[in-house]
Amino acid sequence: MASAQSGTLYRGREGMWSWVAHRISGMAIFLFLLVHVLDTALVRVSPEAYNEVIGHYKTVVFGLGEVALVGAVIFHALNGLRIILVDFWSKGTTHQRKLFWGVVIVWAVLMAGFLPRHLMHMFGA
Amino acid sequence: MQTHNYDVVIIGAGGAGMRAALESSKRARTAVVTKLYPTRSHTGAAQGGMCAALANVEEDNWEWHTYDTVKGGDYLVDQDAAEVMAKEAIDAVLDLEKMGLPFNRTPEGRIDQRRFGGHTREHGEAPVRRSCYAADRTGHMILQTLYQNCVKQQVEFFNEYYVLDVLMTGDPRTDEGVRAAGVVTYELATGEIHVFRAKSIIFASGGFGKIFKTTSNAHTLTGDGPAMAFRRGIPLEDMEFFQFHPTGLAGLGILLSEAARGEGGILRNSEMERFMERYAPTLKDLAPRDVVARAMANEVREGRGAGPKKDYVYLDLTHLEPAHIDAKLPDITEFARTYLGVEPYTDPIPVFPTAHYGMGGIPTNIRGEVLANATDVIPGMYAAGETACVSVHGGNRLGTNSLLDINVFGRRAGIAAAEHAAEVDLPDLPEGVETPTVELLERLRDRPATEDRIANIRTDLQELMDANVQVFRTEETCRTALAGITDLKKRYETVAIQDKGRRYNLDLMEAVELGFLLDLAEIVALGALHRKESRGGHFREDFDTRDDANFLEHTMAYRTLPGEEGAEGTPIRLGTKPVVITRYEPKERTF
Amino acid sequence: MTAVAEKPQADAGEIPSFEVTMRIARFTPEDDKGVHWEDFTVTMHGTDRVLDALHEIKWHIDGSLTFRRSCAHGVCGSDAMRINGRNRLACKTLLKDLDISKPITVEPIKGLPVEKDLIVDMEPFFDSYREVMPFLVAGGQEPSRERLQSAEQRERFDDTTKCILCAACTSSCPVFWTDGQYFGPAAIVNAHRFIFDSRDDAGEQRLEILNSKEGVWRCRTTFNCTEACPRGIQVTKAIAEVKQAVIRGRV
Amino acid sequence: MSTSTTSIPDPTTRYRRTGQRGLNAEMLSWMFMRGSGALLVILVFGHLFVNLWLGDGVKGIDFAFVGGKWASPFWQVWDLLMLWLGLIHGGNGVRTIINDYARGDRTRMVLKALLYFAVVVTIVLGTLVIFTFDPCPVGAEPSLLPSFCEG
Ligand SMILES: Cc1cc2nc3c(=O)[nH]c(=O)nc-3n(C[C@H](O)[C@H](O)[C@H](O)COP(=O)(O)OP(=O)(O)OC[C@H]3O[C@@H](n4cnc5c(N)ncnc54)[C@H](O)[C@@H]3O)c2cc1C
Ligand code: HEM
Ligand code: SF4
Ligand code: F3S
Ligand code: FES
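Residue numbers (my numbering), protein chains in the order written: chain A, 112 to 236; chain B, 20 to 610; chain C, -14 to 236; chain D, 3 to 153.
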């Protein structure tokens, strides 16, 4: 019996890709959250330990990671709201595609606001 | 090989088959054997509606309906059958409603009704609103509703099993006391042969429109039922009567329901003239199909066709409100958009007659029992639907009467088959009943490769039939067709298939189906040659009037016995059967 | 008459013929080649559909190419397949609407076991359908005439009556691909058809059936089903309505 | 041969299911995802806003900053809610993902066990930290501590 899974990638549209992104971002945030709680727990060990670990967050690599994380959180949150609208608002399903592009635009705006400031904090004066 | 024992075996799961199954499975152990998943049956393609004199929107009664049916069928209708159908139509519609069919509704919440070609009040005075409908998806809803109820009743289906042979206890042409015994089937998924023993068999295998090239019929409508019945010695009735539906999408044959005209659509020629006013002053665009189809073909012949090749006319809906079109004709307007790129709101749709419905088929009486000849029945054999010829459609079927036919006579056949099964024992089958089928398949499968293809033969057949046995026929064209078919049959004897596998061998099945088509096409052409008159869907240019003195009778085509000589060098012997006339004496048809 | 002066622009056969390459996922259970791509180049015409191209191949090049089809105009639901990565009916997809400069990929629908070439096993699909009680259950005294239903009540479930059980939706659903137990959009659509029928009395039973582990909650609103449905049914909307009905505990 | 008429079972029997009335786990989980999601929007954005936007952004985060926040019961409750909701929401989401992709019952069991373990440990740990947190641990280098520790 042939595998049912073979073949080309399914060419879904906004609905499918937003779901993929939602899933990936959710998973990423969750993993980060696990780590984040652990590192925050270091405040119980000693201020030095905490500050040392948290110091890593202030490096460039982590700074960029932070950007990705914030991007993921914002997307996940906005798209989560879109999903809630699709589920509970009677016109949500009709407008899902518009809602998706709304999410993208709001995401871009928020990121555009956050990025310069964050980078400024990271590298800046 | 596997053997199954049932009381009733139903061949086909279209409207007729499933309506029969709903009755029969309540009363007897029933198997429905179908080459398609039930919901793929072509009943689902029917659009316009199903007539019954419910009188929900205006005065109507079943006698007017009977009259219209008889007149529409050009008096070749068996009037006892037409009465049964028109009378039981009302319950048939109400039954479907109770089963859940979502009919369109009147403001009072009753089943809505609309006009349809040939349906009139007061014996032809004016069009009447008689067709019960669900948008332009009535057939779809009927098929779904029947399937849903089969699921509810847990009817046993054998899906994608091809019935390839029917078994009786003898040969109905020669033996006495012949009765039904079973069917031989081919399981598509495995290539295995299954024999179903049965006390009653119901043919409900649909039409055979694929003998023509331009047709509204599905690829799978290859007349398997009538062809295998014929090969086993059962006669076929009135096969020369084939209906050409006026409004097929030009070049494609996809149907645009008569409901388009029922809702106000108008046929126009290249000069945008409403030409039906000339051919049928009273009913105009809603005259019976044979009249309209011929009028259209005539416009094209006389040079008033539209398009670059001047080979079609227009169906004009542009004067209708888009909202009205969307509510009442959503699917067919979508067909025009999808397949021809025409926007029906603003542009007229190119249409031309398309082969649509075979009035003829396996002869039955009003209980659905199959006839061995003009008088005797074969106990345990039943037929219903397009495959059968009761004959309620005579020379020309009225729109909506087929969905009615499958429900009324499907039900009758189902009940009769189950009742018969309760009274008799399962007949014994000798060893090796499947051998002819196995040999047929092996022959097709094992032939050495050839240049020629099954598809080429089929295309040649369809083009031959379109050119010679379509809306207009003459002695000469019928003879051309017969000679052509003889040649094609020779080619068919040697042609090879390519797929040699066992599982899902549709290549092989198409080859078998072509064999059926060739047999049926020959019967159609021979019948057309011999009926030297014009009546209903059969129009002979060399005999352009109806001739009741000589031809007010059904044609019966029998397969010749070994050694017997057939008509015109074919393996077919022609006979007749009287038409049942109860109260409507034949009159000239005017519309 | 409004249309007298107008000339329709589209004519069958007007668009010239063209060459197109069909890249088809082949699988024969009787050899050990597994699933593999095969290319066929055919000459097609104006209004030809993908189904016509498949026929051209089957009838004139390779008779063993196997696929289901019947009505050839999008009403029987036989020929759902994955064309250029999306589920469509082959008989409703015009070649000229695809990019014919590249090969057109044709694969069986996803998530159901492939039996041969483009044919999949439909039984799991129909099993789910049968499980949602897809039939009218009307209690009470059987009326002698029809049951009354207002035009608005009839309109309430009109969309979902159009389903032709082609499986394009269910086999486009990412949840169904990974979890074949999920009822799938088609079954929910057909439950919706009865849940919202004013004549029906078994809505609560159906809601119960769909309020299960493999029921409506598995749907993650990816909308692939809605995009795939050849009948234009608002599938995700129907699912959302069923979810709401389950939450409220009634229709 | 006895192929007499067979009795046909009542079609509705097959469908008379017992149990599973009203609420069930999948539905609760579905509603919870939406409810917690909506709350998390406020919590997470508030958190990000305060931590990454106000003041010096990420640069400003250190023991003193955290200590300063948790001195206030408001932020304690805020972070606690965020911790619980976030982890249960995320954990439930990952559970769905595991259900979707894990082939075979064993893998699924193992993965889910790991997940539940991680979620429980993290929640317990996080809760403890928030409540037992001492912003001014004795003996720590004073410069690292929040300003109010002095004296
Ligand atoms: C496009 C179109 C529109 C129409 N519109 C209307 C309308 O508006 N009103 C109206 O009254 N009529 C209409 N008709 C006519 C009507 O729909 C058909 O005549 C009728 O539905 C036939 O039903 P049936 O049950 O006899 O056959 P079908 O529905 O064709 O079913 C045939 C069944 O037989 C099975 N079968 C065939 N061969 C075999 C075999 N060898 N072994 C096993 N199974 C087999 C098939 O699988 C199928 O299940 C229309 C027809 C068409 C084509
Ligand atoms: C910030 C506000 C948030 C909102 C509005 C939100 C919303 C949602 C919603 C509605 C779902 C359900 C999706 C579905 O059923 O299809 C979901 C799933 C999920 N969320 Fe969130 N969420 C948020 C924050 C988080 C956080 C902080 C995490 C990580 C800890 C997270 C991890 C997940 C995961 C892993 C899934 C499962 C994804 C899937 O099944 O595909 N979410 N979220
Ligand atoms: S809902 Fe649409 S896609 Fe799904 S089976 Fe029905 S018709 Fe096909
Ligand atoms: S594709 Fe699947 S996830 Fe839901 S919206 Fe359609 S059922
Ligand atoms: S062949 Fe019937 S839907 Fe395509």
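In short, the hints are calculated from the structure, not lab data.
Mixed in with the good hints, there may be bad ones.
Unchecked claim - Quick list of in silico lysine to any residue cross-link-like pairs, SDA-like style, CA-CA up to 25 Å:
| # | chain 1 | residue 1 | chain 2 | residue 2 |
| --- | --- | --- | --- | --- |
| 1 | B | 106 | B | 142 |
| 2 | B | 45 | C | 41 |
| 3 | B | 509 | C | 198 |
| 4 | A | 169 | D | 146 |
| 5 | B | 45 | C | 22 |
| 6 | B | 328 | B | 117 |
| 7 | B | 519 | C | 198 |
| 8 | C | 198 | D | 101 |
| 9 | B | 519 | C | 116 |
| 10 | C | 198 | A | 150 |
| 11 | A | 169 | D | 108 |
| 12 | D | 114 | A | 202 |
| 13 | A | 202 | C | 188 |
| 14 | A | 202 | D | 125 |
| 15 | D | 71 | D | 109 |
| 16 | C | 198 | D | 71 |
| 17 | C | 198 | D | 52 |
| 18 | C | 198 | A | 127 |
| 19 | B | 117 | C | 22 |
| 20 | D | 114 | D | 31 |
What the hints assert, rightly or not - Short derived list, chain C residues pointing at chain B, Cβ under 8 Å:
| # | residue |
| --- | --- |
| 21 | 68 |
| 22 | 71 |
| 23 | 121 |
Glycine included, C-beta positions come from ideal geometry on N, C-alpha and C.
Hint check:
no.	hint	verdict
1	B:106 / B:142	16 Å, holds
2	B:45 / C:41	45 Å, violated
3	B:509 / C:198	61 Å, violated
4	A:169 / D:146	17 Å, holds
5	B:45 / C:22	49 Å, violated
6	B:328 / B:117	49 Å, violated
7	B:519 / C:198	44 Å, violated
8	C:198 / D:101	11 Å, holds
9	B:519 / C:116	37 Å, violated
10	C:198 / A:150	37 Å, violated
11	A:169 / D:108	41 Å, violated
12	D:114 / A:202	36 Å, violated
13	A:202 / C:188	23 Å, holds
14	A:202 / D:125	38 Å, violated
15	D:71 / D:109	41 Å, violated
16	C:198 / D:71	42 Å, violated
17	C:198 / D:52	40 Å, violated
18	C:198 / A:127	22 Å, holds
19	B:117 / C:22	50 Å, violated
20	D:114 / D:31	16 Å, holds
21	68	15 Å, violated
22	71	16 Å, violated
23	121	3 Å, holds
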